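Asks: Residue numbers (this note's numbering), protein chains in the order written: chain A, 2 to 291; chain B, 6 to 561.
Read the hints as simulated data drawn from the structure, not as lab findings. Source: prediction; values computed, not measured. Worth double-checking, as some hints may not be accurate.
What the hints assert, rightly or not - Beyond 12 Å from chain A on every Cβ pair, some chain B residues (computed): (1) Asn103; (2) Pro123; (3) Ala133; (4) Gly282; (5) Phe361; (6) Ala399; (7) Gln416; (8) Arg430; (9) Pro482; (10) Asp532; (11) Tyr538; (12) Asp543; (13) Leu559.
As the list claims (entries may be wrong) - Subject to a maximum C-alpha distance of 25 Å in a straight line, what follows is the list of computed SDA-like cross-link-like pairs (lysine to any residue): (14) B:Lys353 <-> B:Arg426; (15) A:Lys137 <-> B:Ser412; (16) B:Lys353 <-> A:Met212; (17) B:Lys30 <-> B:Asp89; (18) A:Lys137 <-> B:Arg430.
Where a beta carbon is used, it is the ideal one built from N, C-alpha and C, also for glycine.
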Amino acid sequence: MTQRNGLKMDQQSSQTMAALPPRHREIDALRQQIGRVEGIGRSGRSGVLPFGLPMVDSALPEGGLALASVHEVQGIYADGAGAAFCAALLGQLAREAGTSSAPILWLEAGEGLYLPGLARYGLQPRQVFVVSNIRKTADRLWVLEEALRCGALAGVVAELEEADFTASRRLQLAAEAGNTTALVLHEGGQYSGAGLATAVTRWQVQTMPSMHCPLNNGLQGVGAPCWDVALTHSRGGRPERWTLEWQEEQQTWHNMADVGAETIPLPQAANDMPANDDHVSAPVVRKQRR
Amino acid sequence: MVQSSPIDDRTGAPAGADPEPPSGKRALVVYLPLFATERLVRIMPEIARQPFASITEDRGRLVLVAVNPQARRLSLRPGMVLADARALAPDLQTRFANPVAEQEALEKLAHWCMRYTPIVMPGQGEGAEGQSLFLDISGCAHLFGGEERMAQHLCTRLVSFGLTPHVAIADTPGAAWARALVSDADAPIILPPFKGDSVWEHLADCPVASLRLDGSTTEALISFGLRTIGALRPLSRRDLADRFGAGLLLRLGQLLGVQEEAINPLRVITPFVARQGFFDPIATPEDIAATTRQLLDALCHLLEQAGQGAVRLVLSCHRVDGTTQRLAVGMARPSRWPEPLFVLLAEKLGEIRPDFGIEIMELAAPDSAVVEGDQTNWQDPVGKRSAQGEAFAAFVNRLGNRYGFASLARQAPAQSWLPERAVRRLPPFDDKPLGTNGVATNGVGANAMGKDPRWPGGRPRPLRLLMRPEAVDAIAPVPDDPPVQFRWQGRTYRVRAADGPERLSDEWWGDDPDNGSGIRDYYTVEDEDGRRYWLYRDGLYKPGTAPQWFLHGLFG
Numbered sequence: 002m003t004q005r006n007g008l009k010m011d012q013q014s015s016q017t018m019a020a021l022p023p024r025h026r027e028i029d030a031l032r033q034q035i036g037r038v039e040g041i042g043r044s045g046r047s048g049v050l051p052f053g054l055p056m057v058d059s060a061l062p063e064g065g066l067a068l069a070s071v072h073e074v075q076g077i078y079a080d081g082a083g084a085a086f087c088a089a090l091l092g093q094l095a096r097e098a099g100t101s102s103a104p105i106l107w108l109e110a111g112e113g114l115y116l117p118g119l120a121r122y123g124l125q126p127r128q129v130f131v132v133s134n135i136r137k138t139a140d141r142l143w144v145l146e147e148a149l150r151c152g153a154l155a156g157v158v159a160e161l162e163e164a165d166f167t168a169s170r171r172l173q174l175a176a177e178a179g180n181t182t183a184l185v186l187h188e189g190g191q192y193s194g195a196g197l198a199t200a201v202t203r204w205q206v207q208t209m210p211s212m213h214c215p216l217n218n219g220l221q222g223v224g225a226p227c228w229d230v231a232l233t234h235s236r237g238g239r240p241e242r243w244t245l246e247w248q249e250e251q252q253t254w255h256n257m258a259d260v261g262a263e264t265i266p267l268p269q270a271a272n273d274m275p276a277n278d279d280h281v282s283a284p285v286v287r288k289q290r291r
Numbered sequence: 006m007v008q009s010s011p012i013d014d015r016t017g018a019p020a021g022a023d024p025e026p027p028s029g030k031r032a033l034v035v036y037l038p039l040f041a042t043e044r045l046v047r048i049m050p051e052i053a054r055q056p057f058a059s060i061t062e063d064r065g066r067l068v069l070v071a072v073n074p075q076a077r078r079l080s081l082r083p084g085m086v087l088a089d090a091r092a093l094a095p096d097l098q099t100r101f102a103n104p105v106a107e108q109e110a111l112e113k114l115a116h117w118c119m120r121y122t123p124i125v126m127p128g129q130g131e132g133a134e135g136q137s138l139f140l141d142i143s144g145c146a147h148l149f150g151g152e153e154r155m156a157q158h159l160c161t162r163l164v165s166f167g168l169t170p171h172v173a174i175a176d177t178p179g180a181a182w183a184r185a186l187v188s189d190a191d192a193p194i195i196l197p198p199f200k201g202d203s204v205w206e207h208l209a210d211c212p213v214a215s216l217r218l219d220g221s222t223t224e225a226l227i228s229f230g231l232r233t234i235g236a237l238r239p240l241s242r243r244d245l246a247d248r249f250g251a252g253l254l255l256r257l258g259q260l261l262g263v264q265e266e267a268i269n270p271l272r273v274i275t276p277f278v279a280r281q282g283f284f285d286p287i288a289t290p291e292d293i294a295a296t297t298r299q300l301l302d303a304l305c306h307l308l309e310q311a312g313q314g315a316v317r318l319v320l321s322c323h324r325v326d327g328t329t330q331r332l333a334v335g336m337a338r339p340s341r342w343p344e345p346l347f348v349l350l351a352e353k354l355g356e357i358r359p360d361f362g363i364e365i366m367e368l369a370a371p372d373s374a375v376v377e378g379d380q381t382n383w384q385d386p387v388g389k390r391s392a393q394g395e396a397f398a399a400f401v402n403r404l405g406n407r408y409g410f411a412s413l414a415r416q417a418p419a420q421s422w423l424p425e426r427a428v429r430r431l432p433p434f435d436d437k438p439l440g441t442n443g444v445a446t447n448g449v450g451a452n453a454m455g456k457d458p459r460w461p462g463g464r465p466r467p468l469r470l471l472m473r474p475e476a477v478d479a480i481a482p483v484p485d486d487p488p489v490q491f492r493w494q495g496r497t498y499r500v501r502a503a504d505g506p507e508r509l510s511d512e513w514w515g516d517d518p519d520n521g522s523g524i525r526d527y528y529t530v531e532d533e534d535g536r537r538y539w540l541y542r543d544g545l546y547k548p549g550t551a552p553q554w555f556l557h558g559l560f561g
């Protein structure tokens with residue numbers, strides 16, 4: 002039955018892709034079929050969260066971040082860039098959920114998340130529930146899975162170091178069952194292999210010097226937060242890399258290439274970045290002693 | 006005649022002419038004269054056959070507090086100095102008395118007795134060496150096949166615990182206690198319900214010491230030749246009160262039932278209790294789960310009728326061997342829906358060890374609260390949103406019972422400017438009115454009177470705050486420019502852009518030495534890689550002293 006449905010859908014989609022060369026058409030059709038088999042791209046039900054930037058959205062299947070699925074965000078250094086990127090995505094998820102007060106869960110490994118800092122990403126501190134000080138990864142996986150399954154949250158951020166294939170598959174199923182989007186955050190440290198096996202997208206984030214800095218008493222002031230965002234894995238999409246800026250007033254993303262700012266020399270090849278970079282000795286926020 | 010009698014009887018009539026006491030009440034008293042030593046024998050069985058005494062220090066001397074029968078046979082008595090006792094019994098074993106542990110043990114025993122009646126009071130009858138338990142068994146005895154069988158059942162069990170129970174049942178706790186004091190061990194005495202003067206006949210030969218009087222009154226009575234309760238009968242009350250004080254009349258009235266005496270229950274009886282006893286003890290997990298589910302349905306029905314929701318549930322399993330296992334779950338907000346509550350309980354049911362079997366299971370809601378509003382609303386009768394709120398509450402409850410409710414919190418602004426004190430933790434569901442999503446409405450600026458402080462709007466705040474600011478070596482132009490370079494954790498950061506300062510200060514009364522001077526100038530700085538940090542300089546600029554710089558947060 003699945004196959005027949007798949008064939009039918011293929012015919013529909015093939016009409017829209019008439020403009021593409023035949024080989025691309027075939028590949029795209031196969032990709033869509035794989036996506037359906039894997040349970041991704043059930044867009045009719047769960048939809049996507051568009052970034053609002055054509056360059057980014059075109060790299061993602063269905064034109065945005067797939068909702069009701071698990072995404073992985075890797076901060077290359079433990080400098081909070083990954084958390085900030087997650088916060089920006091969460092703010093948009095909360096807005097997407099309709100009400101501005103939809104509850105959000107942030108699952109911390111330790112403690113130290115400061116909710117007043119979330120305000121610039123459009124999140125009200127009162128809507129954010131923080132689960133902190135659950136040290137064991139297995140326990141955090143349990144919390145994350147139950148949070149996804151309960152279906153009442155607009156989004157969940159979970160700081161996880163690792164999850165084996167079974168666990169990550171469970172997370173994806175829970176996200177679909179509860180129709181909730183999960184961002185699995187991993188900051189700093191070494192990446193052991195590919196990360197979360199079933200993540201629909203995987204992002205690597207690091208800070209970039211801010212642009213458009215206002216002057217402050219004759220000195221240069223701090224501008225809008227700006228990140229080098231690499232989409233290293235996107236199921237049904239294509240990996241790409243941008244420099245994105247978060248506009249606090251409009252609560253939108255800006256692609257620095259679109260804005261027409263001076264082009265920033267990007268570091269070479271995102272994947273082998275920590276290997277021979279002088280940032281290797283970059284600071285890692287020490288575990289807080291209490 | 007200044008002294009007023011607690012009994013409104015100024016006629017001087019003989020004490021015997023008493024009115025009918027209120028009928029229907031029955032009290033059971035367990036008198037445990039050797040409880041203090043028997044408790045220790047239970048802990049240390051090796052001392053069971055030797056003379057043994059618990060001792061305590063009294064004005065620099067060691068004196069005996071309680072002695073076991075073997076020691077008593079050697080003429081050892083409580084109150085004796087240990088040195089004298091050693092002269093009488095050289096092989097006397099001693100342990101220091103622990104009144105707190107003894108009281109705890111008695112309360113434990115009282116809890117155990119709750120299988121007979123919910124109203125159990127542990128206590129020491131005045132003027133007696135041992136401990137007592139008072140049970141209000143009105144209307145309970147038939148469940149055990151009558152008073153005689155109930156008393157025998159209780160006696161047998163207590164003996165099997167290694168205790169020496171003296172048990173009596175009467176209409177009043179006073180009469181039961183008086184009989185228990187003079188009864189033989191393990192031979193319960195049951196006084197029939199009082200009828201006219203029958204109580205006097207039953208108690209005539211009891212010594213006056215069984216009236217629960219203080220020592221001096223008892224001695225005074227004996228010195229007048231009034232050795233038994235029966236001897237008091239022909240005397241007029243006025244004379245008794247004049248001579249021996251009002252306490253005697255009070256105790257006499259309580260004995261006869263003309264003076265009300267309440268048995269204060271050890272535990273407040275909750276109205277929300279469901280209970281199931283079994284003919285054959287159960288032990289399998291399936292049976293336990295099924296019974297829990299039945300009890301939960303019954304309990305939720307009770308809660309619903311009262312418009313209440315449970316905040317805490319306690320499941321008690323009374324096992325065949327006389328022990329009770331309890332497990333408790335808490336709720337973040339009151340609930341009376343069996344499904345999610347059962348999920349909470351089911352996660353803990355594995356902790357129950359039935360051992361030889363469970364004969365009674367009891368589910369109680371000791372804490373309950375009014376369930377505010379209903380979970381459906383008129384716009385959305387199916388309650389999609391409310392169902393989500395319930396689902397979230399169920400998730401919070403499960404999380405709380407696994408990892409503690411403190412692990413989940415929200416943050417609210419607090420009355421302080423210091424960043425680490427400017428937030429306080431809110432429980433997941435606080436007392437603020439909750440929106441339909443189970444989330445409180447925005448608290449920013451909720452109260453213009455300043456009772457609810459606002460978040461510092463428009464000011465940069467980091468995403469991660471270091472619990473303890475870390476000292477950094479910074480190079481900054483004086484007096485108050487942002488640093489141009491700082492060194493943190495062995496690495497040097499060159500500052501590319503900076504905002505600030507924002508001066509935040511401690512409360513004027515604060516003198517916490519950890520806070521330094523209490524005045525901080527915060528700067529948001531960005532290094533060459535775009536990482537943004539929240540740094541502050543402690544204190545005001547003073548010529549000649551190097552300012553202290555700290556890193557307090559990361560923006561990301």
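Asks: Verify this label for me: Tyr538 of chain B is non-interface relative to chain A, using a Cβ-Cβ cutoff of 12 Å.
Replies: Tyr538 of chain B not clear of chain A: closest Cβ-Cβ about 9 Å, inside 12 Å.
Asks: Between Lys353 of chain B and Arg426 of chain B, does the CA-CA distance stay at or below 25 Å?
Replies: Violated, because 37 Å separates the two Cα atoms, which is more than 25 Å.
Asks: Evaluate the condition: distance from the CB of Gly282 of chain B to the nearest CB of chain A exceeds 12 Å.
Replies: 35 Å, holds
Asks: Please confirm whether Ala133 of chain B is truly not at the interface, meaning its C-beta sits more than 12 Å away from all C-beta atoms of chain A.
Replies: 52 Å, holds
Asks: Take a quick look at whether Lys137 of chain A and Ser412 of chain B sit within 25 Å of each other, Cα to Cα.
Replies: Distance ~13 Å between Lys137 of chain A and Ser412 of chain B Cα, so the pair holds.
Asks: Can we confirm that no CB of chain A comes within 12 Å of the CB of Asp532 of chain B?
Replies: 9 Å, violated
Asks: Holds or violated: are the alpha carbons of Lys353 of chain B and Met212 of chain A at most 25 Å from each other?
Replies: With a Cα-Cα distance of about 55 Å, the restraint between Lys353 of chain B and Met212 of chain A is violated, given a limit of 25 Å.
Asks: Tell me if the straight-line CA distance from Lys137 of chain A to Arg430 of chain B falls inside 25 Å.
Replies: Holds, because 23 Å separates the two Cα atoms, which is no more than 25 Å.
Asks: Checking the smallest CB distance to chain A, is Pro123 of chain B really beyond 12 Å?
Replies: Nearest chain A Cβ is 37 Å from Pro123 of chain B, so the label holds.
Asks: Does the claim that Pro482 of chain B lies outside the interface with chain A hold up, using a Cβ gap greater than 12 Å?
Replies: 10 Å, violated
Asks: May I ask you to check that Gln416 of chain B keeps its beta-carbon over 12 Å from the closest beta-carbon of chain A?
Replies: 4 Å, violated
Asks: Are all C-beta atoms of chain A more than 12 Å from that of Phe361 of chain B?
Replies: At roughly 34 Å from the nearest Cβ of chain A, Phe361 of chain B sits farther out than 12 Å, so the non-interface label holds.
Hint check: violations occur at hints 6, 7, 8, 9, 10, 11, 13, 14, 16, 17; the rest are consistent with the structure.
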